[in-house]
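One-letter residues, chain by chain:
6 protein chains.
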Amino acid sequence: DKDLYSDDDIAGMVTGLAWTQVGGEILMIESSLSRGKGVLTLSGQLGEVMKESAITALSYLKAHAEELAIDYRIFSCYDLHVHVPAGAVPKDGPSAGITMLTSMASIYTQRKVRPFLAMTGEITLRGKVLPVGGIKEKILAANRAGVKEIILCSKNRKDVEEINMTYIKDLSFHYVDNVDQVLEIALLPHKVSKPMHFILPEEREVEKAAY
Amino acid sequence: DKDLYSDDDIAGMVTGLAWTQVGGEILMIESSLSRGKGVLTLSGQLGEVMKESAITALSYLKAHAEELAIDYRIFSCYDLHVHVPAGAVPKDGPSAGITMLTSMASIYTQRKVRPFLAMTGEITLRGKVLPVGGIKEKILAANRAGVKEIILCSKNRKDVEEINMTYIKDLSFHYVDNVDQVLEIALLPHKVSKPMHFILPEEREVEKAAY
Amino acid sequence: DKDLYSDDDIAGMVTGLAWTQVGGEILMIESSLSRGKGVLTLSGQLGEVMKESAITALSYLKAHAEELAIDYRIFSCYDLHVHVPAGAVPKDGPSAGITMLTSMASIYTQRKVRPFLAMTGEITLRGKVLPVGGIKEKILAANRAGVKEIILCSKNRKDVEEINMTYIKDLSFHYVDNVDQVLEIALLPHKVSKPMHFILPEEREVEKAAY
Amino acid sequence: DKDLYSDDDIAGMVTGLAWTQVGGEILMIESSLSRGKGVLTLSGQLGEVMKESAITALSYLKAHAEELAIDYRIFSCYDLHVHVPAGAVPKDGPSAGITMLTSMASIYTQRKVRPFLAMTGEITLRGKVLPVGGIKEKILAANRAGVKEIILCSKNRKDVEEINMTYIKDLSFHYVDNVDQVLEIALLPHKVSKPMHFILPEEREVEKAAY
Amino acid sequence: DKDLYSDDDIAGMVTGLAWTQVGGEILMIESSLSRGKGVLTLSGQLGEVMKESAITALSYLKAHAEELAIDYRIFSCYDLHVHVPAGAVPKDGPSAGITMLTSMASIYTQRKVRPFLAMTGEITLRGKVLPVGGIKEKILAANRAGVKEIILCSKNRKDVEEINMTYIKDLSFHYVDNVDQVLEIALLPHKVSKPMHFILPEEREVEKAAY
Amino acid sequence: DKDLYSDDDIAGMVTGLAWTQVGGEILMIESSLSRGKGVLTLSGQLGEVMKESAITALSYLKAHAEELAIDYRIFSCYDLHVHVPAGAVPKDGPSAGITMLTSMASIYTQRKVRPFLAMTGEITLRGKVLPVGGIKEKILAANRAGVKEIILCSKNRKDVEEINMTYIKDLSFHYVDNVDQVLEIALLPHKVSKPMHFILPEEREVEKAAY
Ligand SMILES: [Ca+2]
Ligand SMILES: [Ca+2]
Ligand SMILES: [Ca+2]
Ligand SMILES: [Ca+2]
Ligand SMILES: [Ca+2]
Ligand SMILES: [Ca+2]
Ligand SMILES: [Ca+2]
Ligand SMILES: [Ca+2]
Ligand SMILES: [Ca+2]
Ligand SMILES: [Ca+2]
Ligand SMILES: [Ca+2]
Ligand SMILES: [Ca+2]
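Residue numbers (our numbering), protein chains in the order written: chain E, 1 to 211; chain Z, 1 to 211; chain L, 1 to 211; chain A, 1 to 211; chain X, 1 to 211; chain S, 1 to 211.
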C-alpha cells in the first residue's frame with residue numbers, strides 16, 4: 001500500500017496493526033493540528049479503551065515535551081485531531097497506544113515517520129510499552145501490506161518466535177520496553193518537506209520557577 | 001431537480017449521493033456561516049459516522065486553510081452549520097465525506113460550486129479519498145436527477161465499469177485520489193454573485209513563528 | 001380561537017399546523033427574547049427533528065440578518081426561548097420549520113404577524129421550503145379553528161386540490177418555494193404596538209472586512 | 001397547614017395543587033436567590049415537563065422584568081434555585097406553571113405572597129394561562145389544607161361548577177386568562193418584612209438603544 | 001466509634017442516621033474546602049435525591065450566609081467537596097438533608113460540631129425541617145454507636161415515643177422545625193483548633209444596593 | 001517485577017493491590033502533570049467508585065497542600081492525569097484510595113516513592129483510612145510480585161493474622177489509621193533524580209485573609 005511509502009511525506013501518519021475476528025489488518029493513524037485552544041478530537045468510531053489510549057499518549061507527550069523539543073505553547077494554541085480510517089469500522093483496544101503516540105509526536109515535531117514501518121503495543125502514562133495480543137495475525141497482515149519493519153514490546157518476542165520464519169523473512173523486528181525507544185526508531189531526525197510553521201503568542205506573563 | 005443548476009448561485013450547497021435500502025438517491029449538503037465563536041452545528045438526523053466525517057472535513061479545511069486562501073480567523077469568528085435535508089430522514093455512513101468537505105470549502109471561500117455535479121467518497125484527515133459502496137445505485141439516482149458529472153474515488157472505477165453504459169451515456173466521471181483533486185473540479189474559480197463579506201477582528205496579539 | 005386574531009398584538013406568536021393520529025390540529029409557536037448571551041432554549045416536549053428545525057431556522061435568520069434589518073448583535077446579547085404549548089404533549093417532525101422561522105423573524109424584528117394565518121412546511125438551511133405530509137387533516141383543523149389563510153410549499157398544491165372545496169371555501173392558500181416568500185406574506189410591515197427596545201453594546205473592537 | 005399562613009413572611013413560597021393517583025394534594029414551591037452568575041437550579045425530583053414549565057416561567061419573567069420593576073441585572077448576578085418538597089417524591093406535569101411563575105416573581109420582587117392562596121394552571125411563554133386536569137381532586141385537597149382562595153384558568157370554571165358546593169363553601173375562586181392577572185392577585189403590593197438587598201454591579205458598558 | 005468524639009476536632013464532619021434494609025446505621029458526612037471557583041463535588045455513591053438534598057443545603061447556606069457570618073466570597077473562591085463513606089455503598093434519600101447542611105455550615109464557619117451528636121431530617125429551601133422515616137431503626141443504631149444526643153423534626157416526636165425507653169435511656173432528643181434550631185444545637189460557638197484561613201480577593205468592583 | 005524497584009525513579013508511580021475473581025493482583029497507579037488549567041483526567045477503564053476515590057484523594061491533597069509543602073497554584077496551573085494499566089481491564093472499588101493519594105502526593109511533591117512497597121485501603125475526605133476486603137488474596141499477590149512492605153488499615157490487622165505466616169515471612173506490614181501515616185511511610189524525603197520544575201504565575205491579585 002502506497003501509504004506505507006515515504007513519498008507521502010506527511011507528518012502524523014503512522015501504520016498500526018489491528019487484530020479482528022477475520023484476522024489481522026493494518027490501521028492508519030492520522031493526526032492533524034489547526035489553530036485553536038488545545039481541544040482534542042478523536043474520530044473513526046473509536047471505542048472507549050482506544051480513546052483512553054489516545055488521551056494517555058497525549059498526556060505523556062505533554063509531560064515530556066521538553067525532551068522532544070516541542071514548545072509547550074503548541075498544546076494550548078492548536079487543536080489536535082486524531083482520525084483512524086476507515087471511518088465506519090468500529091475499532092477498540094489498547095494496542096494502538098504506541099502508534100497514536102508516534103503519530104502525535106510526529107505532528108507536534110513535524111518530523112518524518114520512518115517508511116515501511118508498523119507497530120503495535122499498549123502504552124502507560126510513564127512511558128512503558130506493554131505487550132498486546134494477536135501478534136501472529138498482525139504480523140501476517142503487515143507482511144501482506146508491504147511493511148518492512150515492526151516495533152513490538154519485548155514481552156511479545158516469544159509470540160514472534162512461534163511464527164514460521166518463511167512467512168516473515170522480509171520483516172525485521174524492533175523489541176522495545178519504553179516509549180523513548182519507539183520514537184527513536186519511528187521518527188526520522190529531519191522534518192517533512194513542507195513543515196507547519198506554528199504561530200505562537202509571546203510569553204506575556206512573568207513567570208518564575210516555584211521551587 | 002433545479003437544485004443542481006447554477007442559477008441557484010448559493011455558496012455551500014453541494015450534491016452528494018446516498019445509498020438506501022430502496023436504491024440510490026441524491027442528498028443535498030448545505031452549509032451556512034454566521035457571526036459567532038467557531039461552533040459547529042450539524043443537523044438532518046445525521047448518524048455518528050456521518051458526524052465524524054463532517055468533523056474530519058472541517059479539521060482538514062482548518063489545517064489547509066492557507067492553500068485555499070481562507071483567512072484562519074473565520075474559523076473562530078463565525079459559526080458553521082451543516083444541514084442535510086430532508087430533516088426527518090436518518091442518514092449515516094462515511095460516503096458524504098467529500099461532499100461535506102466541498103460544501104464547507106465553498107462556504108468559507110464563497111466560491112461557486114460547479115453545477116450538475118454530484119460526488120461520493122470517504123475522506124481521511126490527511127486528504128485521501130477512499131472508495132465507498134453502492135456505486136451502481138448512486139449513479140442511477142444521479143442520472144435520474146439530471147446530474148451530468150460525478151466525482152468518485154479512483155478505486156471505485158471498477159464499480160462504474162460494471163454498469164451498462166447505455167444507462168449512463170450522459171454522465172462523465174472524475175476519478176480522484178485526494179481532496180485537492182475534488183476541490184479543483186468542484187469549486188469554480190469565481191465567487192457567487194453576492195458573496196458574504198467577513199467581518200474579522202484585527203490581529204491584536206504580537207505573534208512570532210516559534211521555529 | 002382568539003389566539004389567531006390580531007388584537008393579541010404580540011410579536012413571535014405564529015400558528016402552525018400539526019398532524020397527529022387523531023387528525024390535524026393547530027399548534028402555536030411562541031418566541032421570547034431576554035437579555036443574555038445568545039442561548040437558545042426550546043421547550044414543549046419537542047422531539048429531536050423538531051429541535052433541529054428550530055436550530056436550522058435560527059441559523060438561516062443569523063445568516064440573513066442584514067436582509068431582514070436585524071442587528072447581528074442581538075443574537076449574542078439576547079437569549080431566545082421558543083416554546084410550543086401544550087407543554088405536556090410530545091411534538092416532533094420537520095413541518096413546523098417555516099412556523100418557527102416566522103416566529104423567530106417576528107420576535108427579532110418586532111414586526112406583527114398577519115392575523116388568521118397558519119402555515120406548515122419544512123425549511124432548509126439555504127431557505128428552501130419543502131413539502132410535508134398530512135395536508136388534508138391540517139387544513140381541516142385550520143378551518144375549524146378560524147384560520148383564513150394558509151402558507152404551503154408549492155409542491156403541496158396537489159394535496160390541496162384533492163380536498164372537496166366545499167369544506168375549505170373560506171380558506172385562501174399561498175404556495176411558496178422559499179423562506180423569503182413566507183416572510184413577505186406572514187410578517188406585516190409595521191411593528192407590534194409596544195415593541196421591545198433592544199439594548200446593545202457599542203461596537204468596541206476595530207473591525208475590517210477581510211476580503 | 002401553617003405554611004399557608006402569612007406569618008411565615010418569606011418571599012418565594014407559593015402553594016400549588018397537584019393531582020396524584022391517590023387524589024389531590026398541595027405542593028409547596030420554594031425559590032431562593034444567592035449571589036452567582038444567573039444559574040437556574042431545579043430540585044425535588046421534578047420531571048421533564050415540570051422543568052420546562054420552570055424554564056418557561058423564568059423566560060417570561062425575564063422578558064417582562066420592566067413591568068414588574070425587576071432590575072434585569074439580578075438575573076445575571078444571582079443564582080435562582082427552585083425546590084419542591086418533599087424531595088423524594090417524583091413530580092411532573094405542566095400544572096405548576098403559574099405557581100412557579102408566582103414563586104419566582106415573589107423572590108425577584110421580594111413582594112409578599114397572599115396567604116391562604118393556592119393555584120394551578122399551565123403557562124405559556126407569552127403569558128397565557130391554560131386549563132389543567134384533576135380540578136375536583138385538587139380543590140378538595142386545598143380545602144382540607146385550609147386554603148381560602150384558588151386561582152384557576154377561566155377554562156377550568158366548568159370543572160369547578162360540577163363540584164357539590166357544600167364541600168367548598170369556604171373557598172373563593174379567581175378565574176384568569178393570563179399571567180398578569182395571576183400576579184395581581186397573588187402578590188401583595190408590599191415586600192416581606194426583611195427583604196433581600198440585591199448587590200448589583202454598576203452599569204459599566206456604554207449602551208444605546210439599537211432601534 | 002471514635003468518630004463521634006470531639007478530640008477529632010475537624011470542621012465539617014457530622015454524624016447522620018441512615019435506614020437500610022438490614023436496620024439503621026450511622027453515616028458520616030464529610031466536607032472539605034480548597035481554593036477554586038465554587039465547584040461542588042459530591043461523592044460516596046450518592047443517589048439523585050441525596051444529591052438534590054446537598055444542592056438544596058448549599059443554596060440555603062448561600063442565601064443565609066450573612067446570618068451565619070460567612071463571607072459570601074468564599075462560595076466563589078473555594079471548591080466544596082462533600083463525601084459520605086463508605087465509598088462503595090450506594091446511599092439515597094432526603095433524610096441526610098440537615099446533616100449535610102450542618103457539615104457545610106461547619107466547614108464554611110470553621111466552627112466545631114458538638115460531639116456525640118447525630119441527626120436525621122429532610123430540609124427545604126426556606127429552612128424548614130421535614131420528618132423522615134425509619135426513626136426507630138436509626139435511633140437504635142445511634143445508641144449502639146455511642147451517640148448521646150439526636151436532632152429530629154418535631155413531627156418525628158411521635159415515632160420516638162413509640163420506642164421502649166429502656167433501650168434509649170442514655171439518649172437525649174432535640175426536636176426542631178427549622179434549620180436555625182439545628183445549627184444552634186449542632187455548631188459550637190468556637191472554631192476548631194486549627195481553623196482554615198480563607199484567602200479572598202479584595203472587592204474590586206464598585207457595588208451599590210439596587211433597591 | 002522491575003516496576004517495584006527504586007531504579008525506576010519516577011514520581012507518581014505507586015503499587016496498589018486489587019482483588020479479582022481469579023485472585024489478587026498488583027495494580028500500578030501512575031500520575032502525570034502537564035501545564036494546563038487544573039483538569040483531572042482518569043483512564044484505565046476505572047469504575048465509578050474508583051473515580052470517586054481519585055476525586056476524594058485530590059480534594060484531600062488540595063485541602064492539605066500546605067502541610068505537604070505543595071504550592072497551591074500547581075493545582076490550577078497544571079493538569080493531572082491518573083492512569084491505571086492495563087488499559088483494557090475494567091477496575092473498580094474503593095480500595096485504591098490510599099494508592100491514588102500516594103501517587104498524587106508523589107507527583108505534586110516530586111518525592112520518591114519507597115521501593116518494594118504496596119498498599120490497599122479506602123480513604124475518606126478528612127484523611128481516615130478504612131479497611132477493605134480481599135486481604136489474603138492481595139497479600140499473596142504482593143508476595144509473588146516481590147513486594148517487601150505493605151500498608152494496610154489497622155482494622156485489617158485481623159485479616160493478616162489469619163494468614164499462614166510461612167507464606168508471607170518476607171513481608172513486613174504497616175498498619176495505619178490515617179493518610180498522614182501512609183505518606184510518612186510511602187514517600188521518601190528526597191525528590192526523584194530529575195524532578196519537574198513547576199512554572200507558576202506570580203501572585204497578581206492583592207489578597208488578604210478574610211477572618
Ligand atoms: Ca471519514
Ligand atoms: Ca496497533
Ligand atoms: Ca428542516
Ligand atoms: Ca455522498
Ligand atoms: Ca408550560
Ligand atoms: Ca407546522
Ligand atoms: Ca400546581
Ligand atoms: Ca430536601
Ligand atoms: Ca473513598
Ligand atoms: Ca441522616
Ligand atoms: Ca494504555
Ligand atoms: Ca489497592
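Calculated from the structure, these hints are not laboratory results. Just so we're clear, the structure is a prediction, and the values are computed from it rather than from any experiment. Please note that a few of the clues may not be correct.
To be verified - Listed below are the simulated DSBU-like cross-link pairs for lysine-lysine, each with C-alpha atoms no more than 35 Å apart in a straight line: (1) S:Lys148 to X:Lys51; (2) A:Lys155 to L:Lys194; (3) A:Lys158 to A:Lys194; (4) S:Lys148 to S:Lys158; (5) Z:Lys37 to S:Lys51; (6) A:Lys155 to L:Lys91.
Quick rundown of the hints versus the structure:
no.: 1; hint: S:Lys148 to X:Lys51; result: violated (42 Å)
no.: 2; hint: A:Lys155 to L:Lys194; result: holds (28 Å)
no.: 3; hint: A:Lys158 to A:Lys194; result: violated (41 Å)
no.: 4; hint: S:Lys148 to S:Lys158; result: holds (20 Å)
no.: 5; hint: Z:Lys37 to S:Lys51; result: holds (33 Å)
no.: 6; hint: A:Lys155 to L:Lys91; result: holds (23 Å)
Comparing the model with each numbered hint stated earlier shows that hints 1 and 3 do not hold.
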